Amino acid sequence: MKAALVRYAPLLILAAAWEAAVRSGVVSELVLPSLTDVVSAWVKLLRGGDLWLNTAASLYRTGAGLLLAIAVGGVLGITMAWWRPVNALASPLVEMLYPMPKSALIPVTALWLGFGDGSKILLIFLGCMLPVTLGAFNGARASDQALVWSSRSMGASRLRVLWDVVLPSALPEIMNGVRTALALSFVLLVSSELIAARSGLGYLIGFLGEGGVYDAMFAVVLTVAFLGFFADRVYQRLERRVLRWRE
Amino acid sequence: MAGTSQIVIDQVSHTYRPPRGREVLALQDVSLEVRGQEFIALLGPSGCGKSTLLYLVGGFLPATLGTIRVDGKPVSGPGPDRGIVFQHFALFPWKTVRANVLYGLEKLGLPRAERERRAQAFIDLVGLHGFEESYPSHLSGGMKQRAAIARTLAIDPEILLMDEPFGALDAQTRSLMQSELLGIWQRSPKTVIFVTHDVQEAVYLAERVVVMSARPGHVKAIVDTRFGCSDPSVFKSKAFVDKVDEIWGLVRDEALKAQGNQSP
Chain A
0 MKAALVRYAP LLILAAAWEA AVRSGVVSEL VLPSLTDVVS AWVKLLRGGD
50 LWLNTAASLY RTGAGLLLAI AVGGVLGITM AWWRPVNALA SPLVEMLYPM
100 PKSALIPVTA LWLGFGDGSK ILLIFLGCML PVTLGAFNGA RASDQALVWS
150 SRSMGASRLR VLWDVVLPSA LPEIMNGVRT ALALSFVLLV SSELIAARSG
200 LGYLIGFLGE GGVYDAMFAV VLTVAFLGFF ADRVYQRLER RVLRWRE
Chain B
0 MAGTSQIVID QVSHTYRPPR GREVLALQDV SLEVRGQEFI ALLGPSGCGK
50 STLLYLVGGF LPATLGTIRV DGKPVSGPGP DRGIVFQHFA LFPWKTVRAN
100 VLYGLEKLGL PRAERERRAQ AFIDLVGLHG FEESYPSHLS GGMKQRAAIA
150 RTLAIDPEIL LMDEPFGALD AQTRSLMQSE LLGIWQRSPK TVIFVTHDVQ
200 EAVYLAERVV VMSARPGHVK AIVDTRFGCS DPSVFKSKAF VDKVDEIWGL
250 VRDEALKAQG NQSP
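For the protein sequence lines, the chains are A and B, in the order given. Residue numbers for the first sequence follow numbering that gives the first Met the number 0, beginning at 0 and rising by one. Residue numbers for the second sequence follow numbering that gives the first Met the number 0, beginning at 0 and rising by one.
Don't read these hints as lab results, they were simulated from the structure. Take the hints with a grain of salt, since some may be wrong.
Unchecked claim - Which chain A residues stay away from chain B? Per the calculated CB distances, all over 12 Å, these:
| id | residue |
| --- | --- |
| 1 | Val5 |
| 2 | Leu29 |
| 3 | Ala55 |
| 4 | Pro106 |
| 5 | Asn137 |
| 6 | Gly154 |
| 7 | Leu166 |
| 8 | Val223 |
| 9 | Leu226 |
| 10 | Val233 |
| 11 | Trp244 |
What the hints assert, rightly or not - Across the chosen pairs, the derived CB separations fall in these ranges:
| id | chain 1 | residue 1 | chain 2 | residue 2 | range |
| --- | --- | --- | --- | --- | --- |
| 12 | B | Tyr15 | A | Arg6 | 51 to 57 Å |
| 13 | B | Gly182 | A | Arg243 | 53 to 59 Å |
| 14 | A | Val85 | B | Arg111 | 54 to 60 Å |
| 15 | A | Ser39 | B | Glu105 | 58 to 64 Å |
| 16 | A | Arg6 | B | Pro17 | 37 to 43 Å |
| 17 | B | Glu132 | A | Gly62 | 31 to 37 Å |
| 18 | A | Asn137 | B | Arg111 | 33 to 39 Å |
| 19 | A | Tyr7 | B | Gly108 | 37 to 43 Å |
| 20 | B | Asp9 | A | Arg243 | 45 to 51 Å |
Said to hold, decoys possible - Pulled a few chain B residues facing chain A out of the computed Cβ check, cut under 10 Å:
| id | residue |
| --- | --- |
| 21 | Gly58 |
| 22 | Phe59 |
| 23 | Ile83 |
| 24 | Phe85 |
| 25 | His87 |
| 26 | Ala89 |
| 27 | Pro92 |
| 28 | Tyr102 |
| 29 | Lys106 |
| 30 | Pro135 |
| 31 | Ala147 |
| 32 | Arg150 |
| 33 | Pro156 |
| 34 | Val222 |
Keep in mind that this is a model prediction, so the values were computed, not measured. Here a beta-carbon is modelled for each residue, glycine too, at the ideal position from N, C-alpha and C.
Turn these sequences into a full structure, and let the hints guide you.
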């Protein structure tokens, strides 16, 4: 409890400074509503149900996009590392797409799939697949020859070795890639919802902002920030658990 | 099968091409026969292709020329009849000691109770009782190699391929492991091909020592090294010391040649 207090002290100080700056009039309420107003707006949003619905919509999109990205990216990266033809075919595409700002695809996915869930899921999938692919590729390529041979000599088929040896060997790098993808997915989610959506947290931020309801808008911005933070924490726990053999 | 040739290596050559560079002839015209339940050592300077020869018998690499037969059948790939132990243990780091040993038993398709029983028996055999749930990263080098040996012995291969298995261990652990290996081999004989560059180790463990030349590797001499004694005191006996000297003489020339090869 005490450790947690010390750890989050900077946040508490920031919150206090925020409240003080607005109350004292140093910062105008038109630019930054006071923290207490934001919190009460947040409670109102929760009671009204809007926040729940839009959070659910957003989480569904991130979750689906990320899961697709992990599945396809993982398989693609490992097959690229294991079969030359796949690598020759896919690696120029991966290299070309990697540095591209994925937010540029927002209008494209909206054009293809409209304003609903599909366009967000596709965008997050496309944006988040590459870090996972690269992690899987590098991890799989570095898998130890002696482990592969051990597995083969104990009766595993060539294909089975991918599951038994190459995937677990690549797992630390894959999990690293997924963490990058997780952060990226929130960026893509909110920006695409701001631009082309009729639901979701990004949409809610844009809608409240245009309506001038700034305390509620800030409440949603903070919600997004906490969701991102919380997701990363949960992920780090999962990672430590899955990779506990490395300690 | 004792007494007959179980492994026949017939005029085998192996070339490989490094990622950048010209083809390298690693083995040239190697012929060797190994009897069932015989313990032979492949001895030679580093880079002579002795490990490559082991990998060819294991079926991990293809012979460029010539054939290798095991029990009369040409080797076309790896299989559980030929177990292998590597210098750097090659334990699955994400599996516990028990899960590592169970891995090969699962591949054999044994019933669960039988798998568990056999895994425990071999873990006990190599003295790892109490470390069943440890991950390899928590074990010392010697313990890792014990676990790897247990994993390979558990699937009961007729042939045991050992690639400098004690090369990464400290001197005390190495000599302990050597006599333990001999003990295991005497209790349940298997055909063993043991790769090493340590002359004493080769003479102590093997019934015959195959001395290989510098690259391209071929068989330079085969020396009979049976002493009928696995007691470590054999190290001090005259016969043992003379045998080590004799083989040292053969290996030294090749080691010097190998060094010459490396300079431009």
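Hint check results:
1. Val5: holds (32 Å)
2. Leu29: holds (56 Å)
3. Ala55: holds (35 Å)
4. Pro106: Holds, because the least Cβ-Cβ distance between Pro106 of chain A and chain B comes to about 43 Å, which exceeds 12 Å.
5. Asn137: holds (17 Å)
6. Gly154: The claim breaks: Gly154 of chain A does not keep its Cβ more than 12 Å from every Cβ of chain B (closest is about 4 Å).
7. Leu166: The claim is violated: Leu166 of chain A sits with its nearest Cβ about 10 Å from chain B, within 12 Å.
8. Val223: Val223 of chain A is indeed farther than 12 Å from all Cβ atoms of chain B, at 35 Å.
9. Leu226: holds (31 Å)
10. Val233: holds (22 Å)
11. Trp244: Not fine: 4 Å to the nearest Cβ puts Trp244 of chain A too close to chain B.
12. B:Tyr15 x A:Arg6: 51 to 57 Å: 55 Å Cβ-Cβ, so the 51 to 57 Å window holds.
13. B:Gly182 x A:Arg243: 53 to 59 Å: violated (35 Å)
14. A:Val85 x B:Arg111: 54 to 60 Å: Since the Cβ atoms of Val85 of chain A and Arg111 of chain B sit about 37 Å apart, the hinted range of 54 to 60 Å is violated.
15. A:Ser39 x B:Glu105: 58 to 64 Å: For Glu105 of chain B against Ser39 of chain A, whose Cβ atoms are near 60 Å apart, the range 58 to 64 Å holds.
16. A:Arg6 x B:Pro17: 37 to 43 Å: The hint (37 to 43 Å, Cβ to Cβ) is violated, given that Arg6 of chain A and Pro17 of chain B are roughly 52 Å apart.
17. B:Glu132 x A:Gly62: 31 to 37 Å: holds (34 Å)
18. A:Asn137 x B:Arg111: 33 to 39 Å: holds (37 Å)
19. A:Tyr7 x B:Gly108: 37 to 43 Å: Violated: the Cβ-Cβ distance is about 54 Å, outside 37 to 43 Å.
20. B:Asp9 x A:Arg243: 45 to 51 Å: The hinted range 45 to 51 Å holds for Asp9 of chain B and Arg243 of chain A, with Cβ atoms some 49 Å apart.
21. Gly58: With Cβ-Cβ at 8 Å, under 10 Å, it holds.
22. Phe59: holds (5 Å)
23. Ile83: Nearest chain A Cβ about 5 Å off; hint holds.
24. Phe85: Cβ of Phe85 of chain B sits 5 Å from chain A, so the hint holds.
25. His87: holds (6 Å)
26. Ala89: With a minimum Cβ separation of about 4 Å from chain A (threshold 10 Å), the hint on Ala89 of chain B holds.
27. Pro92: Since chain A brings a Cβ to about 6 Å from Pro92 of chain B, closer than 10 Å, the hint holds.
28. Tyr102: holds (6 Å)
29. Lys106: holds (4 Å)
30. Pro135: holds (8 Å)
31. Ala147: holds (8 Å)
32. Arg150: OK, holds: Arg150 of chain B within 10 Å of chain A, min 8 Å.
33. Pro156: holds (8 Å)
34. Val222: Violated - the Cβ of Val222 of chain B stays beyond 10 Å from chain A, reaching only about 29 Å at its closest.
The structure fails hints 6, 7, 11, 13, 14, 16, 19, 34 (numbered hints given earlier, in ascending order).
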